[in-house]
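Dock the two chains into a complex; use the hints.
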Amino acid sequence: MRTRTLLVLLAVPVLALTGCGGTSGSSGTTGSASSTTSSGPKLAGTLTVFAAASLTDVFTDLGHRLEKEDPGLHVRFTFAGSSALANQLAQGAPADVFASADQAQMDVVTRAGLQGGAPTVFATNVLEIAVPPGNPGHVTGVADFARRPLTLAVCAPQVPCGAAALKVFAAAHVDAQPDTLEQDVKAALTKVQLGEVDAAMVYATDVKAAGTAVQGISFPEARDAVNSYPICTLRSSPDPTAAQAFVALVRSTAGRQALTDAGFGSP
Amino acid sequence: MRRRDGGIPVALLVPASLGTVFLVLPLVGLLVRAPWSDLGTQLTAPGVGQALRLSLVSATLATAVALVLGVPLAWLLARTRIRGRSVLRALVTVPLVLPPVVGGIALFLVLGRQGIIGRWLFDTFGFSLPFTTAAVVVAETFVAMPFLVVSVEGALRAADARYEEAAATLGADRWTTFRRVTLPLVAPGVAAGAVLCWARALGEFGATITFAGQYPGTTETMPLAVYLELAAGHPEAAVALSLVLLLVSLATLLLLRERWLGRSDVPAA
Chain P
1 MRTRTLLVLL
11 AVPVLALTGC
21 GGTSGSSGTT
31 GSASSTTSSG
41 PKLAGTLTVF
51 AAASLTDVFT
61 DLGHRLEKED
71 PGLHVRFTFA
81 GSSALANQLA
91 QGAPADVFAS
101 ADQAQMDVVT
111 RAGLQGGAPT
121 VFATNVLEIA
131 VPPGNPGHVT
141 GVADFARRPL
151 TLAVCAPQVP
161 CGAAALKVFA
171 AAHVDAQPDT
181 LEQDVKAALT
191 KVQLGEVDAA
201 MVYATDVKAA
211 GTAVQGISFP
221 EARDAVNSYP
231 ICTLRSSPDP
241 TAAQAFVALV
251 RSTAGRQALT
261 DAGFGSP
Chain B
1 MRRRDGGIPV
11 ALLVPASLGT
21 VFLVLPLVGL
31 LVRAPWSDLG
41 TQLTAPGVGQ
51 ALRLSLVSAT
61 LATAVALVLG
71 VPLAWLLART
81 RIRGRSVLRA
91 LVTVPLVLPP
101 VVGGIALFLV
111 LGRQGIIGRW
121 LFDTFGFSLP
131 FTTAAVVVAE
141 TFVAMPFLVV
151 SVEGALRAAD
161 ARYEEAAATL
171 GADRWTTFRR
181 VTLPLVAPGV
191 AAGAVLCWAR
201 ALGEFGATIT
211 FAGQYPGTTE
221 TMPLAVYLEL
231 AAGHPEAAVA
241 LSLVLLLVSL
251 ATLLLLRERW
261 LGRSDVPAA
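Line by line, the protein sequences give chains P and B.
Read left to right, the first sequence gives residues 1 to 267 (my numbering).
Read left to right, the second sequence gives residues 1 to 269 (my numbering).
What the hints contain is simulated information worked out from the structure, not anything from laboratory work.
Heads up, a few of these hints could be off.
[To be verified] Residues on chain B that point at chain P, a partial pick, calculated with CB under 8 Å:
#1 Q114
#2 G213
#3 Q214
Every residue, glycine too, gets a C-beta built ideally from N, C-alpha and C.
Chain B on its own, in the form it takes in the complex (with noise of 0.2 Å):
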């Protein structure tokens, strides 16, 4: 191995062994700073629970709202010509770059009372969004969704289009085809996609916090419920509420290990 690879330049050993610590380290301070002793205390103060329902909760619906809208979108930018479709690309992933706090405040001028649509829907329904576990899915949906479209768009230009052509010549239209060849051919992609959105949504906090607020049981999920046990100088709820997502992102990373770990020749955005 060492003969093949001719020994590591340590001008690139040096950097990346750097760079490992930088990324594994604060992960190591966060166990080894945890509140072992009193964790299940921390763990079982109320509210824990309800900030963890919450963030599972709104994660799940948010990826299930993603994949409805996500899926057909991938295929539109994969499978069409339509005119103007990198133009939409760009647009529908800008969220994967936009600061989700600038997210929050444009869900606020679209979605808020007094929004475009918002306004519409508070004078018509007297319905109102913001500061309601619809508003959390809403938001995470908001920021998770670009993943999802990626990924799947990703694993549709990476499959043979020959067996979705096939059942085009055997007279399937192109819906048949999508459900019947399409779909099944990409399905890993579509669930590690949809593992990563649930990732990225679970993890929300700046469009979250923004255009949802913060009450406990509605909309402070777990993301918040840590940064809010810091503001308040409770540093010892807030590592411990942290291990648990560091947890729930280890399991992930795990889900994702046949995409992620196991092949290096994943289509890339």
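Next up, chain P with everything else stripped away, as it sits in the complex (with noise of 0.2 Å):
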């Protein structure tokens, strides 16, 4: 993430001097909106997406499919905490379709001026608590945030997931005493996944995309901070026709399945 973060803050000047800055992210797609226009739904090209780390299992899969069905169509992703893509976006991150995992960070990217289009929310995400196999850290509930010896990992208050769990800590009156504010929620459940953190607050997807490395604790205070999911395109997209695709998939019937399926919830 780090490097991508480097590479886009290099790229950023480089293609602004180029005169570029417009065009750049997918050299292939050039010719693939006559394409498109020409014969049908066939798309080609490169789809950039960015999309919430917690999207990450759910839209790889997506991805997959609309590569099945449009063979020329090749769909990228940088999945990362939703903040900081929005910041990357702002900065002149080429991309074609922003799916963030709040209303806040797609409202950076609304006040930048890069929407292609109005935002919806198609999902919906609650917290839970991951611990690692057989709870060695005795965690019952969120009350156990606040218990110092244990070693606790929280996302950072700017990434949608760590923005809930102050809202959670918040309506359960908890003092949070977290070791690490990780900077997406998959760095959070990662460290969970290595025993190296008694529990993680993540999201309940996260929880169950983890299958059996992890064990996962609901907790009633999670109803107080309900995720939203906005997707948009964005209004730079060299491929507009691709990046609709992909978002009239993720609403679709089908999308809507494999995120019910992914643990998410409807809006």
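Written out as structure tokens, the structure reads:
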């Protein structure tokens, strides 16, 4: 993720200097627009999707589906904390679609005037506590996040899962004592999978995706912080048709089913 | 001057100029785009002093550890004929070329609470190293110590071994010789190595964020703070913090000027 950020940071001034900032990102898409109009739904080129880390599994799967339907199309993902993605977009990172894990980070993109269309909420998610198998820290609920002897991971406050965690802690009147503030939810989950933390505040979908590698503990206060996931195409997208096709797939019955299977709620 | 050099060939001058621009322009950009007007506000923001203090303390501790372990290691590599010495040298300089994030993961696997040694530490003493300030020092030492080892070994090789032989002739044992003759002889090299090691430790990012995590006050050093500010959408704060690190780097370079700018026969790795 860091390397990507650096690449983007390096790429921005270079692209700006060479005057191709608007058309970068998918050299192969220039011919695709014409092919799309001439031969119906055929899409080609490279579609770049910036998506919240919690969407990693389900979006990768949906991307493969779109590629299967349109063999000429290559769907490329950047999964990271929504805040990092929103800021990369604001700095000029080339992408076609943005899916955020909360409204606040979508607003960053809106304020920067980068949206290709109005964002639509396509899923919801709630927090869950992930613990290593066997629950070595004997964690039972949100209140355990105030226990200093435990090693605890929470997302950084600007990341949607961190913002949601703050809401939960406030609702539960818990003075949380995390040991590390992770930059995206998957990084927090990884620390549990490694057995290096006693518990992490992640999404219910992450616990589900991790399978037997972690144990999930749901808690009633999670209802106080339900995250809505908005998605939109981006104005600078060199291939709006392909971008819209991906958004349509996410919002389709098949997309809805994939999201439900992964544990996401309906908007 | 020009007559003696016969002029600089264009084929060399053009790429050399481009290279200079490439290396210097980003630093100029940092200065040009710096939020000078509210730099004071940015730098006195809560957390900045904390991150700077943590950075200075952990880099200094890492350098101290590297000195204690690295100087004897450099001596071993430069002055003994133990078998497998070249393999040893290659092994201990691996962190020099290893991506730091890989180092962070490797540290997890050994010193994490599920790690080879870490598991024993946790089961026996209930001590868990990751996500502590000690983990920051460990990560920085891992990445920075090879710089000191390489630098000191170079100094040892360049030093005149006859003084040590003379000391031995006069009856000094190897430890006394090392303390009384070798160390004073290579002191400038050790100092330069320590400064280099300190600068590398100060800038350490990958191994630190991987192994020590990120939490203000305990593990969030300056480079982490720069990255986090950028990720949080506060580019001005990131630039302001970067300026501080640039300043420290320039100061480091000044400290090393005798070695890097003044002499041209610095022993290379």
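Answer holds if the nearest beta-carbon of chain P is closer than 8 Å to that of Q114 of chain B; otherwise answer violated. Because about 4 Å separates Q114 of chain B from the closest Cβ in chain P, which is inside the 8 Å limit, the hint holds.
Does Q214 of chain B pass the interface hint, meaning its C-beta sits closer than 8 Å to a C-beta of chain P? Holds - the Cβ of Q214 of chain B comes within 8 Å of chain P, reaching about 5 Å at its closest.
With a cut-off of 8 Å, does the beta carbon of G213 of chain B approach a beta carbon of chain P closely enough for the hint to hold? holds (3 Å)
The structure fails none of the hints (numbered hints given earlier).
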